[in-house]
Each structure stands twice: as C-alpha cells, then as structure tokens.
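Using the hints, position chain B against chain A.
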Amino acid sequence: MIISRLIQSLILMLCLQMGTANAADTIFHLGVAPHTSARVILEMYQPLRLYLEKALGQTVIVETAPDFTEFGRRALNQEYDIAITTGHQARLYQVDAAYLPLITYKADFKAVALVAKKSRYHKPADLQGSTVLGLSPSSLVTLWGQHWLQKNNLNNGTVNYGSAADSVSHQVLAGEASLAFTSLANYQKLPQEQQDALKILAESEPMAGRVYMLNKRQASQQAKIDQALFAFAETEEGKKYFTKTRLDGYRKLRPRELEAMEPYAAKTRLLLKAK
Amino acid sequence: MKFVSPLRSIRGRLLIVAVLVEAVMLTALVANSLRLLTSLMETQAHSPAEQIAPVLLAAIVAPLAQRDYATVQAVLDESRAVKGIEYLVITDTSGHRQAASGWPNNQPLPSADRHIAHFDFDTQQPRHDVKVPITAFGQPMGELQFGLDLSQIIAANNDLFKQGILIALIEIILSACLMSLLGYFLTRHLSALTQASEAVASGNLTPPPVAEGNDDIGQLGAAFNAMSRTIAERIEELTLARDEAKRLAQAAEAGARAKTSFLATMSHEIRTPMNGILGMTDLTLDTELTAEQREYLNWVKISGESLLKILNDILDFSKIDAGHLNLEHIPFQLSEVINSVVGIYSVEASNHGLSLTWQADNALPAYVRGDPVRLRQILNNLLSNALKFTQQGAIHIHVASRPGNKTGECCLHLQISDSGIGIPPDKIDMIFSPFAQAESFTTRKYGGTGLGLSIVAQLVELLEGTIRVESEVGKGSTFWFTAKLNRIKEGEIVQKSTMDLRGYKALVVDDNFTARQVLSDQLNHLSFLVTQAESGNEAIKAIELAAKNHKPFDIVFIDWKSIKRSAKSLNETDLIKKILEII
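Here the protein sequences come in this chain order: A and B. Just so we're aligned: 253 in the working numbering is position 253 of the first sequence, and the numbers increase by one with no gaps anywhere. Just so we're aligned: 499 in the working numbering is position 224 of the second sequence, and the numbers increase by one with no gaps anywhere.
Bound conformation, chain A alone (with noise of 0.2 Å):
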C-alpha cells in the first residue's frame, strides 16, 4: 500500500516536473512598464495577453516591475519578450540590448503635471520649495516634469516618487504633495471624482508613449506577432481595449521617432548605471 502509493507520488512529481520544464520553455513573457498600479496594468492587458496566447500558440504572462528602473534593469538582462515602456526606454533597449521596435500607440502620449484644485498652487510659482511627486525617478513622465522644474526654476523643491499615477495623485489630493507629474492617459483613467477634484497645471508636448519593444530573440517571430497585434486591434475586445483607454489603436512607429527620445534615455542610462 504504502510501496504503491510512494510509487504514485513519484510519478505524479515526474509529470509534474516535466509539464513544469515544458511551461517553463515556452512562456511568453510580456513585461509592462510600471506605469500604474500592477493590478491596473495586469487587468488592462488581459485581453491582448488572450488573444497572444491564441495567436503564438504558447502561454503568455503579463509582468511589471516594482518602479521603472527595476523594469529596465530586468529589460536590459533580457527578461522580456515583449517590453511595453516608455519612449526614452524604448530607445535604451534599442540601443543597448538590441530590441527591436514594434509599435506604439495612436493616441498622443503627454505628461501632466496635476495640482488638487482646492489647493493654493495655482501657477508654478507658487510650487517654490514645495514637494511633488514622480512615478518613478527614470520613467518619462518624471524625467519631463523634471526638464519642466528646472525650466520653471523651481529648483528649491523636493521631488518623491511613487508607484503609480493613481497613488501620487491620491497623494496630492490628501495635501502630502503639492504636485504630482503622470501622463494624460492615466490622469483620464482616474475616478471622475478624482479627476474632477485635480486640476492640470501642465501638460507636455506629444511625445513616443508606451513602445513595444520585442526581444532579439524573438526576432524571429516579429511579423507575426506585428500581425498578432494590428489584428488584435481589429477584435471586438482589442476595440473595447483601446476606447477603455482612449489609446485609439497601434500605429507603426514614426522614422527617427525613438532617436528624439536619446536624450531622456540617457539620463535613464545614467539612473540605471548609478543604481
């Protein structure tokens, strides 16, 4: 009895092993950049993971990281198969670990920079020596509210981060934070109580958003997960997707569209070489 069930247990560990090894080999790993919170971006891209998974034929999983510096750690060792980032990010992985570009948003991706309306910051002057918030010190959005601090001379104040646009701008509206820079996409994303209760003091210039970057070792497979994608797109949930975030669909990128973000991904080069 006891021989035979010890018998069992060894082969159902075997299967067990194996069907583990198997998964293990052809997990498709799309990485997210921490943009919003990790629920957020896991429920946001649960219908493209889907329809990946139906299309490429093998398991597909939706990661992120804690903060964007660990999210381009991890892309840089080559952790992602698809990396969904910033702009200035994109061109980072581009430059130095050789992913290639696929596509990106329709929809403008702009940084704001929101002030809770009941508060007294109505102008950036009256941020002097204030502290505002980022997402995170090398994600974009941080990265342009910085380059609008110091165009602003608003040198004296102290910039914190943290992990999501939902939280900073939890933050401002409790008055721990006099300002909080998060992209336009996210800011429409927020509760209509929320959005109402903030108020934009800033907003930037169009800029290359979220980029999917595929992995060199994916190479192999880019037209058909182009395919994959601009078909996705066309699915009654793809279009659910994109009207849910007012990204309005993929477009290819533009000629030279991430070498305008070298700039940004330098500073990033920097963050991350220093941590």
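Quick caveat, the hints were computed from the structure, so don't treat them as lab data. Cβ coordinates follow ideal geometry from the N, Cα and C atoms, glycine included. Keep in mind that a hint or two might mislead.
[Stated by the list, open to error] So the derived list for chain A, only partly shown, Cβ under 8 Å to chain B, looks like this:
| hint | residue |
| --- | --- |
| 1 | Ser37 |
| 2 | Ala38 |
| 3 | Arg39 |
| 4 | Ile41 |
| 5 | Leu42 |
| 6 | Arg49 |
| 7 | Ile61 |
| 8 | Val62 |
| 9 | Glu63 |
| 10 | Ala65 |
| 11 | Pro66 |
| 12 | Glu176 |
Just chain B now, with coordinates in the frame of chain A:
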C-alpha cells in the same frame, strides 16, 4: 422486605426502559451533536483556508506581477505570524519556489489535502495542507500552498467529545435517579398493595389498610381494603360459627360420653341384681318345689333372661358407640364356636318345627386367631333373629373361608338363610340402624329392642368385614357377613386340660350381698371352698389370715366397683398389689 428482581417489578421495568430510551436518545443526540460539531469544526478549520487564501492572494498578486519576491516573502512571513498557519510557500507558473515561510527550501512540499475528514489524523501534529492556484484577472501566476495547524481544533473537538460523553452520563444518572423517584411515587401504592396481597397469601388475611385515592391505583387500593374488610368480617363469622360448632360438638360429645357412661353404669347396676334374681331362681329351681311354683319360677327365669339380654345389648351398643369395646385376639376352634351356637338354638328350632343346619367348606381352617366371643355374639343375634322371624321351613348356615390379603390372614364368609317373613325392600336399608325394625308391628309381635342387627353391623365392622342382607317378603332372608381372622397352625393351640376344682379355696369380694351370695353358691356347686369378703380391707384381712394358717386362697374374685366404694384409702391397684404381696 423480600427482594424483588428489577425485571419483575413494574418500577424496575419502567426504570430500565426509561434509562434505555434515555441512553439511546442521548447517544443519538450526543453523536449527532458531535457529528454536527465535527462538521462545523471541519468547516471552521476549512474556512481559514478559504478566508486566508483570497486575502493572501490579493496581497501577493501585485508583487507577483512585479516579480517582487521580497515583498511576497515579507507578506508570507507576516501572514505566518498569525496563529494557526504552519507554513506558506509560493511557486510561480514555472513551478519554481519563489517564496517560502515556515518550510525548508530544500524539502519537497506535502500533498495538499482535498478535504478535512473527521480529524482522522494519526500524526502528532495534525495539519491541513491547502494548495490554491494564484490567478489575477484570469492569468495564472503560480500557486500558493499553506498548512493550517489543526491541533487546537482537534483538541477542542476531543474536549467536546469528552464533555459530551460526560454530560450524557450525568444526564443518564440524573434521569435514572429522577425516574426512580418518579417510579417510586407512582408505584409506591402499588408496592404497598403487593405487600398487602403477599401478606394475605402468606396467611395474614387482615393486613393493614393500603392507601386509597382517586386515581386507578388509589381505587384499586380502596377495592382491596373493601375486599380485605369483607374477608375479615367473613372470617370472623366463620370463626364464630366454627367455635360454636366446636362447642356444640364438644357438648354433644360430652353428652354422648355422659349418656354412654350412664348407660354402662346403669346396665351394670341393673345387671347385678338381675344376676342375683336369675341366680337365686336357678338355686330355687334346684330345690323341692310344687309344679305350680316351678312353672312360675321358670317364667321368672325366662323373663329375667330376656331382660338380661336386653341389658346386655344396651351395654354392648353403648360400649361400641363410645369406642370402648376392645376385641380379643386369641386362638379358638372355629367349628366349635359355630357348633356351640347352633347347639344352643337347635332345641328351640326343633321346638318350633324348624330345621337348623350348618355346612362348611373343606377349606375352612380348624383354628384361627380372633375374638370368639364377638363372633359368637354375631351368630347368636343373627340366629335368634332367624328363629324369631321364621314360622316354618328351615334355617341354614353356610360357612366358607378365603385367603386374606396378608400372609396368614383368612376371610371368613358366613351366611344364614331362613324361610321367614322376609323384609320389605324399602326397609332393608334401615334394619342395621339402631332401634329400627322393619315394621312397628314387628316390634309389637316379635319384641326386641331393635339393637341386635345394629350391634351385629358394628361388630362386623370392628372385625374388618362387611354385612349384607338379601330378602324377599314371604320367602325369607339371607344374611351374610365377612370377618378377618388369622389362620394358625394346629400345633400352636394349647389344649385345654380338664381340671379338678374340688377343694380349691376361693375368696369372693363384693359389697353387694346378693351378687356375693350368688357367686358363692355357684362356686360351692363347683365344690370350691368359698370365703366371702364385703370390702377390700376385709378381703386383705382374710387373705392375711389364710396365709398365716398356711392355707392361702387359690383364687380371688373381686368386684372392682365394690372395692372403689368400700376402700376409700385403697384403690384397686393398691389392693391387688397388696393381695399379691400376701400370696
């Protein structure tokens, strides 16, 4: 109080049934409660798994999505601080263990339990292993496995089980006590009734009254008391009646004894002078008399003998009726007895022109042991009756003998047939009753007391025999009777020797002169040398004198009643002793 087995008393049976029902119901109740409790505790044991898993998953989904395993480890460590969680392990979708708390990294995980089954754990540290898949918005992210420590729950379950058993036992004991008390109050009157009934059964017919009431048992008690009272009254009546009957019987017995004693005394008192009359008449008839005087004296003698016979009958009847008649058991020659009786009546029969014969079977024993006097008396009565009621024809006696039931015993069968007047059929049954004759006319015509056949019947009964009569009016009667005798051999008989009594000295003691004189004259006729004494003292003096002169008496005749009357200081025993001493 008598011990009664519990199974045989209503109270015991009720108690046993109630306790059994209580035990069964409590067992079912406790078992069901324990089952429900166990199920509930299993659910409770399982619910932490259901409660912990979502919270943990919610906490680790984000760090897992971020692959922030340090945070995951921190969450696991923090979660394990909660009492009851033994270990927590997270594996990713590739099956790699990414975080573990409370479980060694190099040790394989135990198999997850499908469910908690009745706490049938045989390990010292019971544990419920749960494996939960981690998914977020439909995306598999790995697996969470954790172990719940069930020792406290199992300990609580065991405590509940023990307490349940204890409560059930206490309940049964309390119920048994309560039922006993209730049974006692319900059946105590019944017990009292049972004891009272047992008292009646054991002889105490008037036990103390039992409790009465309006309920069934109370009414039963009232009915029992009423019955007991009735029985007591009836017993009192019967006791009084029995005592009265006893008193009457004793009075009747005393009366009968007095009557018998009176009759015996009177018969004796009358017979003594009658013997004097007859003796003197005989003596006178032996003297020179004229023919006329002789005829008159013969009539006196006949009348005296008739009167003496009547007196003898009365005396015998009284003795038999009082149970004072004792039979003799002496050897005698049967044919001699019959011959002597037949011889007596032969002359009378011949005078009446009747034929009197007797015949015996060859098997008739020559010698037997019994009472020849009473046998002769029976024959006398039957023959005298036959002669009395037979005017012509013959009287025949047939004697036969059959072996008896015992060794040496013989049954004498004696039949007397006559050709007399016969007995009417409706009178046959009463002829053996005392003072009864077939017709009052018969008494007037033939005389007699009517005691003869009654005495015969009683004598036959004393001889362990039976008597019957067959008769036809005008043709005659046949009386037959049986009597048990003992057969004896001829050699055992001591032949009587003929003695020459002439010159023998005899002393006659009687305070009645006539009786003394008659007996003295009769002894003189037998050539005795007779001396007379009026009293016991006088008799002693005569005996002493004779002894002194070396001429002692050869025989002494003493009338015992006269000694009682004359010798106040000596009773008959003392006198006889005295006489024997002198002789």
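Query - Ascending list of hint numbers which this structure does not respect - result: Structure breaks hint 12 only.
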